[in-house]
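These protein sequences, in sequence, are chains A and B. For what it's worth, the working numbering labels the leading residue of the first sequence as 1, then goes sequentially. For what it's worth, the working numbering labels the leading residue of the second sequence as 1001, then goes sequentially.
Please note: incorrect hints may appear among the correct ones.
Think about it this way: if two alpha-carbon atoms lie no more than 25 Å apart in a straight line, the pair counts; the simulated SDA-like pairs of lysine to any residue are [to be verified]:
id	chain 1	residue 1	chain 2	residue 2
1	A	K414	B	V1110
2	A	K414	B	V1291
3	B	K1177	A	L338
4	B	K1371	B	A1288
5	B	K1177	B	P1241
6	A	K414	B	R1108
7	A	K414	B	P1241
No lab work stands behind these hints: they were computed from the structure.
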Amino acid sequence: MTAVAPLALPAAFQPSNVDYLAILPLLIVFGAALVGVLVEAFAPRERRHVIQVGLAVVGLLGAAVAIIPAAGHQGVTMGLADGSTNRQMFALAVDGPALFMQGTIVLMGVLGILTMAERFGGTGPDAFTPSGASTPGSANETAAARAGALTSEVFPLTMFAIFGMMLFPTTNDLIGMFVALEVLSLPLYILSGLARRRRLLSQEASLKYFLLGAFSSAFFLFGTALLYGYAGSVYFGDLSRAIASGPLAMNGLLLPGAFLVFVGLLFKVGAVPFHAWTPDVYQGAPTPVTGFMAACTKAAAFGAILRLAYVGLDTGRWEWTNALVLVALLTMVVGAVLSVTQTDMKRLLAYSSIAHAGFILVGVLAFDRKAIGAVLFYLVAYGFATIAAFAIVSLVRQNGAEATHLSQWAGLGKRYPVVAGAFAFLMLAFAGIPLTSGFVSKFAVFSAAVGTGGATGTVLAVVGVVCSAITVFVYARVIVLMFFSDAPDDAVEVVTPSVSTTFSIAIGTLVTLALGVLPSALLDLADRASQFVR
Amino acid sequence: MTTMSSVPWLTIVGLVPLVGALLVAFVPGSAENAKRMALGFSLVTLVVGVVAATQFDRGASTQFQLGEQHSWIPQFGVSYSLGVDGIALVLILMALVLTPICLLAAWRDVPEEVGPGGARRTKTYFALLLVLETFMVGVFAATDVFLFYVFFEAMLIPVYFLIGRFGGARRQYAAMKFLLFSLAGGLIMLVAVIALYLQGPGGSDGFLIERLTGLSLDPTTERLLFVGFFFAFAVKAPMVPFHTWLPDAATESSPATATLLVGVLDKVGTFGMIRFCLQLFPQASEWATPVVVALAVLSVIYGALLAIGQTDMMRLVSYTSVSHFGFIVLGIFAFTNVGHAGANLYMVNHGFSTAALFLFAAMLVRRRGSKRIPDFGGWQRVTPALAGIFLVAGLSGLALPGLSSFVSEFLVLVGSFPTQPVAAVIATSGIILAALYILLMYKKVMTGPKPEGLVGVREHDRLDESGRRGLTAVRDLTTREKIVAAPLIAAFLVLGFLPNLALDVINPAVDQTLSHVQKAIPNLNPAGTLAEGSSK
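Produce the entire structure from the sequences given, and follow the hints as far as they go.
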C-alpha cells in the first residue's frame, strides 16, 4: 500500500487557480506564435518576412520583460490544492530555475530568429527552401521558387518551439512535461527538413530526428505510465512523497519508470547512448536552425532534467544516480573522442555539443543548490556561444553553398581576420580557456561536482577535465586550419551578413567574453534562481 | 599578509602593454609605426615597472607588497588580488627588461608585405608580444590561486598564435604540441585548484594565497594536491621527462618568441614550485623531494648531453635550458636559504643569458640562412663583433666566473650540498658538460678557416663592391643589434659583480617562504651547515 494511491478525485468541480502574471511570458510567446499563423494567412507575401520577424522579436522581447513581474509571482500555479488530502495539484511551477531558463531561452531565441531571418539580399530567409514539401529537384520545387514562394512560416514554427521549450522546465507533472516535449519537438522536426541546399540530407535529418524523437517520446510516455502506476499520480510532489514512503517491493515499477523517463529527456540533450541523431541532424538541418536547436533545446531539456532529478525523483536518487553517472561518463568520453575524427564543421560542433552535455550532466549529478546555479550558468554560456558559432558557419560559403568541410576553412583567418577571429574565440570558449565563459562554466560545474558530489563527483570532474583536454585538440585544430594554414586555390568566401546576423554573432561573442571576464553578476542571478518550488 | 598600495602599481604595469597591444593592432598606419609604438609602450611599461619597484620596501615584514585586492567572482571565492614579494618583483622586472629587447630584436622578423593590409601581420605579431607581456606581469603578481591559474592558462593563447603564425616550417606541429602539453598540465592543476579551495577556509576570498597557506591538510590530500600542481609546473619548467615540447616550440618559433617563452614563461614553472608547491604544501614537498631532486639532476645531465649532440643551433640552446632548469629545481628543493636564493637569482640570470643565446644565434642564422651548426665555420673572421658577443653569451651560459650566472650556479650548488650532497656532486658535472656544449658550438661556428665566398663588411659599407668581386657580403652587427646586445651583456656584468642588487631583494622573500615550510617541518634547517659562511 503506497502512501497516496489510489487517490480520490475532489468531490466537486473546482476551477483551477491561475496566476496569469506568473505565466505571462508563456502566454505572450504563445500569442505571438498564433498571430504569426494569422499573418501567414493574411499578410501580403512581399511584407510577410518583415512582419513575421518583427512580430517574433517583439513577442520574445515582450516575454523577456514579462519575466520581471513573473519573478514576483513565483510558486505553483494552474491547478488546485486539495485541503482534505493536503495535495498540491498544480501543472506549472513558476520558480527560479523555470524563470531563469525561460529568460535564457527567450533571449537566445531572439538571436536564433535573427540568424534565421538572414536573407543575403533575397526575398525570403536564405537558409530555407521555398517549398519544403516538394521533392528535391522536382518541377514543383522549381515552380515554387519561380513563383517567389518563401518560407516565412518558419518564424511561427520557431515561436511554437520556443513556447514548448519555455514550458518544458516549468511543468510540474509528467503529463505536462510530455506535452511540452512534443510542442517543442514537432516544429523542430519540420524546421530540420527545410534546408534550401543539400535538401536530401536535410530531409533525411528531419526524418531521422522525427523517428528517433517519436521513439524517445514513447519511452518517456511509457515511463510516465509506470511511474503513475507506482505513485498513483503524475505530479512531481506526489511522486517524490510516494518514493519516500513507498515500499521496496514496488521498485519494479519505480526503477524502469524513472529510467524510461530519463531516456526521453537524455535523448533531447544528446547524451550517449541516445546521441546518434545529433551529428546527422545538426549537419542536415539549416545551419541557423541547428544553432537555435543546439542552444535552446539543450537549455530547455536540462531545465526539465533538473526538475525531474531535484523535485520529482529526488527521494529515489540512489536508485538511478549510478545509471546517470554512467551516462555522463559515456557522454563526455564519446563526445570528446569522436569529435577528434570529424571532418565536417557542423558534425564537429555536434560532437562538441555532446561532450558539453556530458559536462553539464556532471553538474546535475552534484546534487546541490550551487550545482543548479552552475548548470544554469553553463546553459547560458554554452547557448550564446553556440548560436554565434553556427551563425558564423552559415556565412562561410563556396559557390553560394555553405562550406562546412574542415579543409575548406583553411587559411580563413588570413583573408577574413575578424570573422575567423570571432570563431577562434568561440572555439577557445568551447575548449574552456580562461577569460571565456566556457572556462567559468566548466569551473562552476566541476567545482560543484568535487565539492558536493563526493568520490563520484571527483571522478566525474577528473574525467571531465581529461575530456576537456581532448576537445582542446579539436578546437585548436580548427584554429590551426584557419590561421596557420595557407588557403587553397579555390578559397571559400565569407558572405557579408545583414545587420540581424551580425547582431547575433556580435552579441553571442560579447556575451562569451563578458561571462568570462565578469561572470559574477550572472552567477549571482543563477544562484538566486536555483531554488525549486514544490 | 599583504601590504596594500594606494596606487595600483601592478595593475598599471600590466595594463600599459595591453593598451599598447590594442593600439598597435587597430590603429591604422604603417608597419614601421606600429613597431615603434609597440617598442614605445614596452619602454613605458619598463619605466612604470621601475618606478613601482622603488616603492618596494626590502625590510617589510609582510610577504607581499604593492598589494591590490578586489572581489572578482565572489561565488567561487576568487579575488582580483595582486602583490609581489622579492622573488616575483625581480622576475617581473626581468620580463619588463626582456620585452623591449625582444621587440627590437624582432624588428625584421615579419617580412614586409605590400598592398593594403600588408602591415597587418606585423601589427598582429607585435600586439601579441605586448599581450604576452601583460600576462607575464599578471602571472607573477597574482596572489590569488585562481587568478594565477587564469593568467597561467590564458598566457598559452598568445604564445600559441605566436608560434603557429610566425614560426618556422613545422610551426603548426610545434604550436599544437606546446598547447597540448601545457594544457594537459594546466587542467590537472585545475582539479587541484578546485580541491585546494574546498580544503581551505572557503568564503568569498578563499582563493587568496595567504588564506591557503598553513592549512593543516590530511597527508594523502596534501600529496595529491602537490602532485596536481607540481605536474603542471614540471611541464612548464620543463623538467625531464616532460621537456619534449620545448625544443620544438623554441626552434620553430621566432627568436623573440623563443626568448620570452624560455626566458620568462618557463620561469612560471619554477616560480610556481616556490610559491605554490613549497608554500602551500610544505610537508608534501618534503615527501616528494627525493623524486624531484632525482628528476632535477636527470634534467641537468640529460639536457646537457642532448645539447652536446645537437646540430641545430636553436635546439642546442633550448636543451641547455632544460639543463639549467634542473639546477633551478635542485636549488628550490634543497630547502636551504642559500639554495633558494641561488635558484631565484638563477631564474633571473638564466632569463638574460638564454635571451642572449637565442637572439645572438638568431642574428647568425639570419645572416647564414641556416640553423645547422655544420653550415657555419670560421665566422669570427667574417663577423668579428657578432662572434664576440656570441662568445660572451656562451660564457654566460657556461657560468664563467665574473658573469652573473656563475654566482647563481655557485649558490645553488653550495646551497644544495648540505641537504642533497649526492645530487649536488652529480649536478656539478653539469658545469663541465656546459663548457663542452658551449665551447664546441663556438668552435664549430666561429673558428676555423674563413668561409669561402663570404666577405664581412661593416654596417654602412657599400655592398655592391664585394658583389663585383663575386663575394657575398655579410654585415657585422648593425646599430639595432648592438642596442639589443648591450643591455644583455651589461646585465651579465652588473649582476656578476654586484649580485647583491638582486639578492638583497630576493633574500627576505626566501626567508618568508622557508619560514612557511619550517612551520610545517620544524626540524628543517634552512640555514644549512655551510650557509652562513658562503653567502657572505
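Sort out which numbered hints this structure fails and list those numbers smallest first. 2, 4 and 7
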